[in-house]
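A.B. asks: Protein sequences appear in the order of chains A and B. Heads up: the first sequence begins at 6 in the numbering used here, then just goes up one per residue. Heads up: the second sequence begins at 8 in the numbering used here, then just goes up one per residue.
Mixed in with the good hints, there may be bad ones.
As the list claims (entries may be wrong) - Straight line, CA to CA, 30 Å or less: simulated BS3-like cross-link-like pairs of lysine-lysine:
{"no.": "1", "chain 1": "B", "residue 1": "LYS86", "chain 2": "B", "residue 2": "LYS43"}
{"no.": "2", "chain 1": "B", "residue 1": "LYS31", "chain 2": "B", "residue 2": "LYS78"}
{"no.": "3", "chain 1": "A", "residue 1": "LYS59", "chain 2": "B", "residue 2": "LYS86"}
{"no.": "4", "chain 1": "B", "residue 1": "LYS31", "chain 2": "B", "residue 2": "LYS59"}
{"no.": "5", "chain 1": "B", "residue 1": "LYS86", "chain 2": "A", "residue 2": "LYS71"}
{"no.": "6", "chain 1": "A", "residue 1": "LYS59", "chain 2": "B", "residue 2": "LYS43"}
{"no.": "7", "chain 1": "A", "residue 1": "LYS71", "chain 2": "B", "residue 2": "LYS31"}
{"no.": "8", "chain 1": "B", "residue 1": "LYS31", "chain 2": "B", "residue 2": "LYS51"}
{"no.": "9", "chain 1": "B", "residue 1": "LYS48", "chain 2": "B", "residue 2": "LYS31"}
{"no.": "10", "chain 1": "B", "residue 1": "LYS78", "chain 2": "B", "residue 2": "LYS51"}
{"no.": "11", "chain 1": "B", "residue 1": "LYS86", "chain 2": "B", "residue 2": "LYS31"}
{"no.": "12", "chain 1": "B", "residue 1": "LYS31", "chain 2": "B", "residue 2": "LYS47"}
{"no.": "13", "chain 1": "A", "residue 1": "LYS59", "chain 2": "A", "residue 2": "LYS71"}
{"no.": "14", "chain 1": "B", "residue 1": "LYS59", "chain 2": "A", "residue 2": "LYS59"}
{"no.": "15", "chain 1": "B", "residue 1": "LYS48", "chain 2": "B", "residue 2": "LYS78"}
The hints are simulated quantities; they were obtained by calculation from the structure and are not laboratory data. Bear in mind that the values here come from a model prediction, so they are computed numbers and not experimental data.
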Amino acid sequence: GQQVQQSPTSLVLQEGENAELQCNFSTSLNSMQWFYQRPGGSLISVFYNPSGTKQSGRLTSTTVIKERRSSLHISSSQITDSGTYLCAMEPGNMGYKLTFGTGTSLLVDP
Amino acid sequence: ETAVFQTPNYHVTQVGNEVSFNCKQTLGHDTMYWYKQDSKKLLKIMFSYNNKQLIVNETVPRRFSPQSSDKAHLNLRIKSVEPEDSAVYLCASSSGQGANSDYTFGSGTRLLVI
Chain A
6 GQQVQQSPTS LVLQEGENAE LQCNFSTSLN SMQWFYQRPG GSLISVFYNP SGTKQSGRLT
66 STTVIKERRS SLHISSSQIT DSGTYLCAME PGNMGYKLTF GTGTSLLVDP
Chain B
8 ETAVFQTPNY HVTQVGNEVS FNCKQTLGHD TMYWYKQDSK KLLKIMFSYN NKQLIVNETV
68 PRRFSPQSSD KAHLNLRIKS VEPEDSAVYL CASSSGQGAN SDYTFGSGTR LLVI
């Protein structure tokens with residue numbers, strides 16, 4: 006089964022609204038990372054977040070390793086936030102690789 | 008500039024041809040990777056190398072062969088490409104594993120097999 010479950014699959018917001026993206030892991034993990042990808046674009050690391058809460062501008066990530074979950078909160082969304090958000094984990098029993106979720110496709114309308 | 012650099016950006020080839028993709032990282036990382044992103048945008052690990060040693064080989068067909076000359080370079084060769092090899096191939100590097108596994112990705116090589 007899918008080791009990394011992301012929700013929602015897609016999300017449409019009006020500019021200025023907030024968004025909460027979720028990531029759940031079915032196995033133990035060493036660390037996890039949030040990435041952002043525009044259509045046809047490269048993967049850009051948003052947060053490297055082994056555990057706890059981190060904030061960068063309008064983005065906040067909270068990871069609870071013991072509960073195998075992470076969230077990404079986007080406040081006051083902007084049109085330029087549109088794209089795909091991917092979470093990935095390094096499995097606890099196997100380093101040297103990331104297992105990715107299927108992503109959340111975000112569209113922010115004006 | 009420190010980053011992960013991939014060439015070419017885009018490649019079109021016919022079934023049965025051989026292709027090679029290059030990847031170089033200037034981050035001083037010990038570990039490099041190749042990932043494949045399919046048409047549904049799902050990313051899957053193909054290979055991991057740590058200090059030029061193969062660590063992970065994730066049930067990839069034999070026509071795929073990674074090549075590492077040093078820890079800053081990891082190339083990917085595909086002998087006799089097939090239509091299902093059409094995808095985006097992403098190279099990445101990290102400084103280690105576990106708590107030190109902050110990954111940086113290249114911009115990808117888009118392969119189209121016709």
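A.B. asks: Hints numbered earlier in the text: which of these fail when held up against the supplied structure?
C.D. replies: 3, 5, 7 and 14
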